[in-house]
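Chains as they are written, first to last, in the numbering used here: chain A, 1 to 335; chain B, 1001 to 1387.
The hints are simulated quantities; they were obtained by calculation from the structure and are not laboratory data. Think of the CB as a built atom: it goes at the ideal place given N, C-alpha and C, for glycine as much as any other residue. Take these hints with a grain of salt, some might be off.
Here are some of the chain B residues that sit facing chain A, going by a computed Cβ distance under 8 Å [stated by the list, open to error]:
| no. | residue |
| --- | --- |
| 1 | E1090 |
| 2 | T1245 |
| 3 | Y1250 |
| 4 | D1255 |
| 5 | S1282 |
Far from chain B, by Cβ distances over 12 Å, these chain A residues were calculated [to be verified]:
| no. | residue |
| --- | --- |
| 6 | F25 |
| 7 | I37 |
| 8 | V43 |
| 9 | V154 |
| 10 | G159 |
| 11 | L200 |
| 12 | R274 |
| 13 | M301 |
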Amino acid sequence: MSKVTNEARQTNRPAGKQLSPLKRFFMEPYSSAVVAIVLLLAVFSISTDSFLSQYNLFNLSRTASIYAFIAAAQLMVAVIGGMNLAVGAVGSLSTVLMGEMMQNYGWGTVPTVIVTILVGGICGVINGFLINKLKLQPFVITLAMSFVYNGISVGISHGMPYELNEGFDALGRQQVGPTSMLFILMVIMVVVLLIFFRYLRVGRDVLAVGGNATAAALSGIKVDRVNILCNTASCMFAAIAALLWASRSGSATSTTGSDWMLYSFAICAIGGIRLNGGNFTAIGFFCGAWILTMIRNGLTMMNVDIYYEQAFLGVIILLAVSLESLRLKMAEQMK
Amino acid sequence: MKKNHKRILALVCALTIVLGLAACAKEDGTTASGDTANTENTTNTADTSSSDGAAENSESAGNTVTLDGVTWEFQQDEYKLCCYWPSPDEFFDNYVLKGIEGFEADFGQEVEYAVGTEWTQNVENQTVEALAAQGYDCFMIFGADTAGANGLYEELYNAGCQVINYGGLVNDPQESALTLASDVYVQAYESTKKLIEYMGEEGTIINVLENLGDVNTVKRQQGVEDAVAEYPNVSICQTVADIKTVDEGYTKVSDAITANPDVTGIIATGGTASKGVANALSDYYATKSDATHIFAATQDQSTEVMNGIAAGYIDHTIGQNGYGMGYISNVLLMYLKDGWVPQNWGEHIDTGMVVINKDNMETYQEEIEAVTNEIVSTIETDILKQG
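Can you build the whole structure from these sequences, using the hints too?
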């Protein structure tokens, strides 16, 4: 059976007593994120003229998509109860290597993209291997490795930006119907993750390790392999996010990724993904990326006082995540 | 793994680290965070046959230096000069470092430099203190934190060092002998006035600022607002601020442009924010089919901005005299070490600015070097006095 959390199924309801569709919705862990999105959408579209403009929705879809890839990097280790503090550093290193390959070695776009993702994967293998062999907390290992990757990135680039191949920005800037190519990539990624965690054995093994590593090991799951797999996937997602960000902004600098770590945790948490492992909710994850993007975008749209902007940001995030607390209370009452 | 194997592995790892560190360290025993700008001039008696403009008519012998027919006499053969920049950045590499190299070639002194790993006062303090412990006693420093830098400068003075603050202003009271930086208020004011000219003296402007806790940002904001106040038909429709990274600048400026579809102009008065503006405008014109031209003014000569000027989506940028900061600071430090003192302690020496647009983007460096030579010629008359 899938280990994807579904509190409704786990509730000990008297036989034959059915919950209404609305109540069933509020039993789902992603429901608070969906409600938060609806509320934010209502507030921002009422208070600003341009929030629902076609161009803003296009921009929102692109930013949310890249944030989703950044968050996926954290998600892949959060589901096993780990963490990756080197998400931004791998993004920075990937950006610089991509720039080096394109600008200084004249590589084409396709080989550059493949090698960049592979380099991300190698970073993840190193992280996973060190966590397994040194038996230290992922916090310590990934913190140390973030300095290593950042140092290499700055050492190679000296802070200089790189020229990208002509046409490389098409992916990040391409409009597809009312939305962007990046949004389509985001949807594909979320669907792949859903299939991975719900229908593939390896995905269920990952969730089992996150739920209880000892029990998983006793049931025959190779925990070390799962750990390396998740760390590898994590850093590959960070590398993909770096490629997409460079494609969108049309620029590649070593400062890329400097603020990714916090976003990656925030999106997972807002989306209802437990950071101590064992669960994945595709809709919550999808909504988490959109919530953070909408808040930042909406605050600029509303032209809030620049001196209090950070305070507004914090309060809105707090209100959004408070909905989860409210939902849990409601779910408890329904039981 | 057997115990012996583990020991061998540990030994190999330790050797790798030691050899790696040895390879990274420089032969002259200085920090690994920066290379000496010009290792050819190791003493002040070296010939000054540099490729840089000012060096062509110069010669030095002992502690006497002759430049363009002017003779300079210094008391010491060798000065322990050191430069610090807070984090890797192309403005330092392309401009300040060039000024340092020009100084080394002209004055036959060697300048050590260090670049911090991150833009924080903590990292700056640790690095500079380590350099002072190595014997460097003449520092030109870009204060990472406009409030915290003064503490470091005071500490260095108490240890017998000389300090020039460069690149940006720090908070009062000044603890460095002098500050060599552009007048950020004047730059912001002049840049805004020029932008308003392009706009036909009417319309709305997005004002893009960086860290609001920085005294330089406050002055820049004032400069923009004062210029706008002179034109009744021009207003600031939105101010976006607290931009610390290029990516943050890119996202915020994109959002602000979308929020103000009728905006006529956009101004950025910080280097990082300007890179964000350049990326955002590049994206805007590439993705919005009905985009109309937004007049844009930026700060500094970054690659992103210069590409924007060449492509036509940035109308001008304000070029700072990084060359002069690197060059003049070291000359002043030699004077200070010889016992000269500032005429006004903590005085801000304006290193000048140049408006760079499509017409002069290939030649503006000459204008900047001319400003540098002019300031150098006034050191003994207007800036310093005998102690």
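For each hint, the structure was consulted:
| no. | hint | in the structure |
| --- | --- | --- |
| 1 | E1090 | holds, 5 Å |
| 2 | T1245 | holds, 5 Å |
| 3 | Y1250 | holds, 5 Å |
| 4 | D1255 | holds, 4 Å |
| 5 | S1282 | holds, 5 Å |
| 6 | F25 | holds, 32 Å |
| 7 | I37 | holds, 18 Å |
| 8 | V43 | holds, 15 Å |
| 9 | V154 | violated, 5 Å |
| 10 | G159 | violated, 3 Å |
| 11 | L200 | holds, 33 Å |
| 12 | R274 | holds, 28 Å |
| 13 | M301 | violated, 5 Å |
When held up to the earlier numbered hints, the structure conflicts with 9, 10 and 13 and fits the remainder.
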